[in-house]
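Protein chains in written order, with my numbering: chain B, 1 to 264; chain D, 1 to 264; chain W, 1 to 264.
Keep in mind that a hint or two might mislead.
Okay, derived cross-link-like pairs now, BS3-like style, lysine-lysine, Cα gap no bigger than 30 Å in a straight line [what the hints assert, rightly or not]:
id, chain 1, residue 1, chain 2, residue 2
1, W, K231, D, K84
2, W, K156, B, K233
3, D, K84, B, K14
4, D, K208, D, K113
5, B, K9, D, K166
6, D, K231, W, K156
To give a feel for the contact side, a few chain B residues facing chain D, derived at Cβ under 7 Å [what the hints assert, rightly or not]:
id, residue
7, W23
8, L39
9, M52
10, H240
Covered, in the sense of this in silico footprint (three residues per stretch, anywhere, with C-beta under 8 Å from a C-beta of chain W), are these stretches of chain D [as the list claims (entries may be wrong)]:
id, stretch
11, 35-43
12, 46-52
13, 181-195
14, 238-251
Quick caveat, the hints were computed from the structure, so don't treat them as lab data. The C-beta atom is built at its ideal place from N, Cα and C for all residues, glycine as well.
The primary structure of each chain is shown beneath.
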Amino acid sequence: MKTEELLLKIREQKPLVHHITNWVTIYDCAQAIRSIGALPVMAHAEEEAAEMTGISSALVLNIGTLTTPLLKSMHLSAKRANEKGIPVVLDAVGAGATPMRSEAVKDLLDNSKIDVLKGNAGEISSIAGLQAEVRGVESGTIQGDPRSAAKELAKKLGNTIVITGKEDFVCNQEKAYAVKAGHEMMGKVVGTGCMAASIIGAFCAVEKDYAFASAAALAVYGKAGEKAAAKTKRPMEFKHCLMDELNEIDGKGTTMEGVIVATD
Amino acid sequence: MKTEELLLKIREQKPLVHHITNWVTIYDCAQAIRSIGALPVMAHAEEEAAEMTGISSALVLNIGTLTTPLLKSMHLSAKRANEKGIPVVLDAVGAGATPMRSEAVKDLLDNSKIDVLKGNAGEISSIAGLQAEVRGVESGTIQGDPRSAAKELAKKLGNTIVITGKEDFVCNQEKAYAVKAGHEMMGKVVGTGCMAASIIGAFCAVEKDYAFASAAALAVYGKAGEKAAAKTKRPMEFKHCLMDELNEIDGKGTTMEGVIVATD
Amino acid sequence: MKTEELLLKIREQKPLVHHITNWVTIYDCAQAIRSIGALPVMAHAEEEAAEMTGISSALVLNIGTLTTPLLKSMHLSAKRANEKGIPVVLDAVGAGATPMRSEAVKDLLDNSKIDVLKGNAGEISSIAGLQAEVRGVESGTIQGDPRSAAKELAKKLGNTIVITGKEDFVCNQEKAYAVKAGHEMMGKVVGTGCMAASIIGAFCAVEKDYAFASAAALAVYGKAGEKAAAKTKRPMEFKHCLMDELNEIDGKGTTMEGVIVATD
């Protein structure tokens, strides 16, 4: 029930979601936001980043093609978002693959409240201090349990941690959810991870319980993926279909029952 | 009749259209140019921007993800375009949303001849000095009449002003057109506004009456949108269909009668 | 036979292919790599470029929207790739169109081993010292024979040269291939040239005979283009279809016989 309500809220309020993101999937992030019913804006110059955040309802940061000037703008925008009390989502793309990315994430976590920290198992494990291989932007072998590490990290940071994968995992210091939705087709196409962070941004813009909002976002996104996969198994066709399912999904025809499950 | 002739001219001459544009829709702008039958080139380094303009037939500037280095290259390219006598189209994406964007537009208008200034109602109103809300890159509430303001601005600048919307409006100091084409689907997908500016650039490359060329561009673009919308109501599918209709449209099977209407 | 084996090797080894590329087709390059079965990573900051190359199996450089900082990162990454012994592919987009691009290519060739230098006839001719017109990123009129010039250049540089076109041409100092595959639809859509370079990168990651690997890449890519063109003649639909054919092609159902032909 609540998931559907959040979806309706997004479509009524049309929150502006400011992105400072990467150049590979910047279009996908913008269109995902538009498809779900919110308004995207991309602005990364340090001269205007904070001001754009100031008129927005959520901030989504993505380090997929990070540079030092981009990182500076991310700090300025995150600071403004914190002052304004709007959610900050950080998609830690490639954290653990190079020192620059790992340090950038640490730097952002140290200097701002990152309300939702999202990554794949390798990225989150690496941030949490486990030995984890990250091949470019892909998760490799991990020493230890990513979910336990995420829960420790959420406690330490007082925020929400999201691990995306076959089954998504969302936790804060009080609770944890498994999100049982999605399709393996989502792993065959570039951009699905980045779009997930954007959709999380849109949901957090309308719901202060960021852990639940993140789980709801992933539930809706995963269901849209399932619908798209029912129509095609060709990756690019699937991707465009996924975006169009995001536009059409209303949470009514699609049952959300059993998708978000409280877990340890 | 004349609209169809311009379309033929583009396909015969294949003008090179130089863009300094944003990272969200840079692909869409390039492909829109290719689909309409012209040649795109994107080059934004200050070391080569003016030289690339020097071998081109039109220059399209778009401030969607503006930075200070990009703005510098825009100035260099606009100057060269003015010297060479080729049209400069400026898509004032987000003007009014932040001071940086508003000042960049003012700066470009002060230092170069911007032959065609294009925006949505909020952006143009804001540039013309009305109180206008711009939510990121979306038009919000406006105090006053955008069309009157555009006509005043065209007189002051001695150029062509384009306001895109449900019905597009084009004016210079002597005349004004309403363009009655397009489909609401064009508002559901990211990139249609940016592509409109690119198409205007291609038409202005082959016709010195920039007001008519802009109206003709929007007529053809709007008709392509209608054709695409007749095939699908799914946003991403629609967008790709729109690009393919641009490739196929010949202005013969499609009547352009009554699309471009002289107005006050 | 060997072409199919390379395709299998890519899908088994999933080599990481690092790109420093342009902003127009950056998504297409990433997805082409994913579709063929390898892993893409895009990283252009000078602080991490060489490190990302250090964990990769091939490096693809593309100067389509070159800037001075990007060029610096390309040098750092090419140097690391040379030290590591992994292949470096350079797509010389727009070489000959502006001095900046021509000089950047010269600079890269002078300071690193560029294992595969790829361009259209105009770009390669211009690099080889012929009088050649390059209209933005399109090949224009050329004084002389591009293939002879390419063979001279390959001898001088001790590397592989690729000229893409209606029939692709690949040579090193010992041999030359004509690749008889592809479809004119590939020329109607932005991004096909850039994707070709990415696919070459993936093949060179698994085969040290870079001339044959390049020819095999173009053979598979061309065949995928033919399959896509058999399904649609609409440019954007074709492009997405091409990417999906890259995902499906196995070199078994598709005969590769007669596609790669030894030539003078």
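Practice task
Examine the stretch 181-195 of chain D: at least three residues should have C-beta closer than 8 Å to a C-beta of chain W.
Solution key: Not satisfied, violated; 0 residues make the cut.
Exercise for the section: Would you check whether M52(B) satisfies its interface hint, that is, whether its CB is within less than 7 Å of any CB in chain D? Expected result: It holds, given that the least Cβ distance between M52(B) and chain D is near 6 Å, below 7 Å.
Practice task
Quickly compare the C-alpha distance for K208(D) and K113(D) to 30 Å and report which way the hint goes.
Solution key: 14 Å, holds
Problem - Coverage assertion for the stretch 35-43 of chain D with respect to chain W, Cβ distance below 8 Å, three residues required - result: holds (count 6)
Problem - Proposed proximity, K84(D) with K231(W) (alpha carbon, max 30 Å) - result: 44 Å, violated
Practice task
Compare the distance between the alpha carbons of K231(D) and K156(W) with 30 Å, and conclude whether the hinted pair is satisfied.
Solution key: Status violated; Cα separation ~54 Å.
Problem - Proposed interface contact between W23(B) and chain D, which counts if any beta carbon pair is under 7 Å - result: 5 Å, holds
Practice task
Let me know if the C-beta of L39(B) comes in closer than 7 Å to any C-beta of chain D, holds or violated.
Solution key: 6 Å, holds
Problem - Given coverage of the stretch 238-251 of chain D by chain W, tested with a Cβ cutoff of 8 Å and a minimum of 3 residues - result: holds (count 6)
Problem - Status of the hint placing H240(B) at chain D (closest C-beta pair under 7 Å) - result: At 4 Å from the nearest chain D Cβ, H240(B) passes the 7 Å test, so the hint holds.
Handout entry: Coverage criterion applied to the stretch 46-52 of chain D (partner chain W; beta-carbon cut 8 Å; 3 residues)
Key = holds (count 4)
Handout entry: Proposed proximity, K166(D) with K9(B) (alpha carbon, max 30 Å)
Key = Given pair K9(B), K166(D) holds - Cα atoms ~26 Å apart, limit 30 Å.
The structure fails to meet hints 1, 2, 3, 6, 13 from the earlier list, while all remaining hints are met.
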